[in-house]
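Novice: Protein sequence lines, in the order shown, are assigned to chains Z and F.
Counting from 0, one number per residue, gives the positions in the first sequence under numbering that gives the first Met the number 0.
Counting from 0, one number per residue, gives the positions in the second sequence under numbering that gives the first Met the number 0.
Since the hints were made in silico from the structure, they are not lab data.
Do not take every clue at face value.
Same chains, same label: a pair holds when it works inside one copy or across any pair of copies.
[Claimed, not checked] In silico SDA-like pairs for lysine to any residue, Cα to Cα no more than 20 Å straight-line:
| # | residue 1 | residue 2 |
| --- | --- | --- |
| 1 | Lys102 | Gln51 |
| 2 | Lys233 | Asn42 |
| 3 | Lys21 | Glu39 |
| 4 | Lys4 | Asp167 |
| 5 | Lys102 | Gly199 |
| 6 | Lys117 | Ser92 |
| 7 | Lys160 | Ser92 |
| 8 | Lys200 | Asp167 |
| 9 | Lys72 | Asp90 |
| 10 | Lys102 | Gln56 |
| 11 | Lys102 | Gly228 |
| 12 | Lys21 | Glu210 |
| 13 | Lys59 | Lys117 |
| 14 | Lys117 | Ala89 |
| 15 | Lys102 | Ser50 |
Number of protein chains: 2
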Amino acid sequence: MSSTKTVLVYGGSGALGKEIVKGFNGAGYRVMSVDLVANEEANLNVLVTLSQSWQEQSRKVNDDVTAGLSGDKLSAVICVAGGWAGGNAADESVVNNADLMWKQSVWTSLIAATIAAKHLGAGGIVVLTGAVPALGGTPGMIGYGMAKAAVHQLVLSLATKDSGLPDDSAAMAILPMTLDTPMNRKFMPAADTSTWTPLGKVSEYMVNWTENKERPVSGSLVQLVTVGGVTAVKMSDE
Amino acid sequence: MSSTKTVLVYGGSGALGKEIVKGFNGAGYRVMSVDLVANEEANLNVLVTLSQSWQEQSRKVNDDVTAGLSGDKLSAVICVAGGWAGGNAADESVVNNADLMWKQSVWTSLIAATIAAKHLGAGGIVVLTGAVPALGGTPGMIGYGMAKAAVHQLVLSLATKDSGLPDDSAAMAILPMTLDTPMNRKFMPAADTSTWTPLGKVSEYMVNWTENKERPVSGSLVQLVTVGGVTAVKMSDE
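Isolated chain Z, as found in the complex (with noise of 0.2 Å):
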């Protein structure tokens, strides 16, 4: 068994993912990382692909990461993969953007939750990425709205009895209305950003919550609200 405390993060190369990554890389964690590419700051990186089907990439993520950890337990398992595709259900498209959402979202959340089942340590943390928008009806973007309403849900079934989690553990959503990352700021040029979430500090909450510093209860859909560049935590049903 390592001393090093060791945690998960599922999309860890992307724009979100690699603040996170860096954050615990900071606190002295040992990092494992996975994504369709690797991120080099990753102390482990395992790879998935998009010809995978649901159940091979589970089995490839929790075979990888089983060995990858010889043992150890997981401190947290993060999972920040996701993406955005709009449509109203009018929409040619919204078949296909709902399966691609169903897939960055749903697919890597639960195979998150299946990792956490068997590897998280005690008083362990499970975070999903859902989305302010979905806890209402999201008329345009109808497929991102069922994915993200689904990781919301699921989040509702970890933090019960018998989900499957380690007893102590946590589950959580963090619900970001918009991040501040290089993908919005190239497409939505003139918008306000003073209301965007710096990564640093979802990445921050992230470090804090896994050492129990301010963790939110286990269930709790966390709303990140910035306002004039400033983030505080809301819970869902405040």
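Given chain Z's structure and the hints, the job is docking chain F onto it.
Specialist: Here is chain F on its own, set in the frame of chain Z:
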């Protein structure tokens, strides 16, 4: 244009679907059924196969329904396709089962929504099928809960302006607790069936709501609550 009113039942050969087809037949409607096998009581059967992708199933259903309607409009699109599978996050079959639940409940519901967007007439209605337990966590049936939560959120999207449905249409879901089906009788022989909802009662609601009798407001998640053999509706926020 035909003077007979037409409805579409997705899942028209299942236990509940058959009862709904019968109910609309009795009320003088022309009924289209979409399912894996034909329902001889339907006026038109659109057959799908388990080997189709989501996109292929959508194309097949959209093509056949468009041809079958020859310009007529639908009074209602009702999706009662679905299934059930259990499993928590530690279960080896959880990904398989989540995949199945997604295909059975969400593929069908979204394809039904695309049909509604194209063919629903003025004042028409879309009814999808959710589940009471998925309003909260479902730790022992994780894939089922995610799929039904996605259907609930789809209803919220469809009921919102610019969803792609005709402006004056309504979208809602029925949320059964336990339906009184032959399968449930077989697998739960010792259960108290006085709280199970009779299929004929659901069929009656479908015909009434289509004819704008006691139709719940658009966006409703309508719980079907049966006590002592008597069924009533309860809105999910009551």
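Novice: For each hint, tell me whether it holds in the structure or not.
Specialist: Hint check results:
no. : hint             : in the structure
1   : Lys102 to Gln51  : both (10 Å within a copy, 17 Å between copies)
2   : Lys233 to Asn42  : neither (33 Å within a copy, 53 Å between copies)
3   : Lys21 to Glu39   : within (10 Å within a copy, 62 Å between copies)
4   : Lys4 to Asp167   : within (18 Å within a copy, 57 Å between copies)
5   : Lys102 to Gly199 : neither (26 Å within a copy, 37 Å between copies)
6   : Lys117 to Ser92  : between (37 Å within a copy, 14 Å between copies)
7   : Lys160 to Ser92  : between (39 Å within a copy, 19 Å between copies)
8   : Lys200 to Asp167 : neither (26 Å within a copy, 44 Å between copies)
9   : Lys72 to Asp90   : between (45 Å within a copy, 19 Å between copies)
10  : Lys102 to Gln56  : both (10 Å within a copy, 18 Å between copies)
11  : Lys102 to Gly228 : neither (32 Å within a copy, 42 Å between copies)
12  : Lys21 to Glu210  : within (16 Å within a copy, 59 Å between copies)
13  : Lys59 to Lys117  : within (14 Å within a copy, 41 Å between copies)
14  : Lys117 to Ala89  : between (42 Å within a copy, 7 Å between copies)
15  : Lys102 to Ser50  : both (11 Å within a copy, 19 Å between copies)
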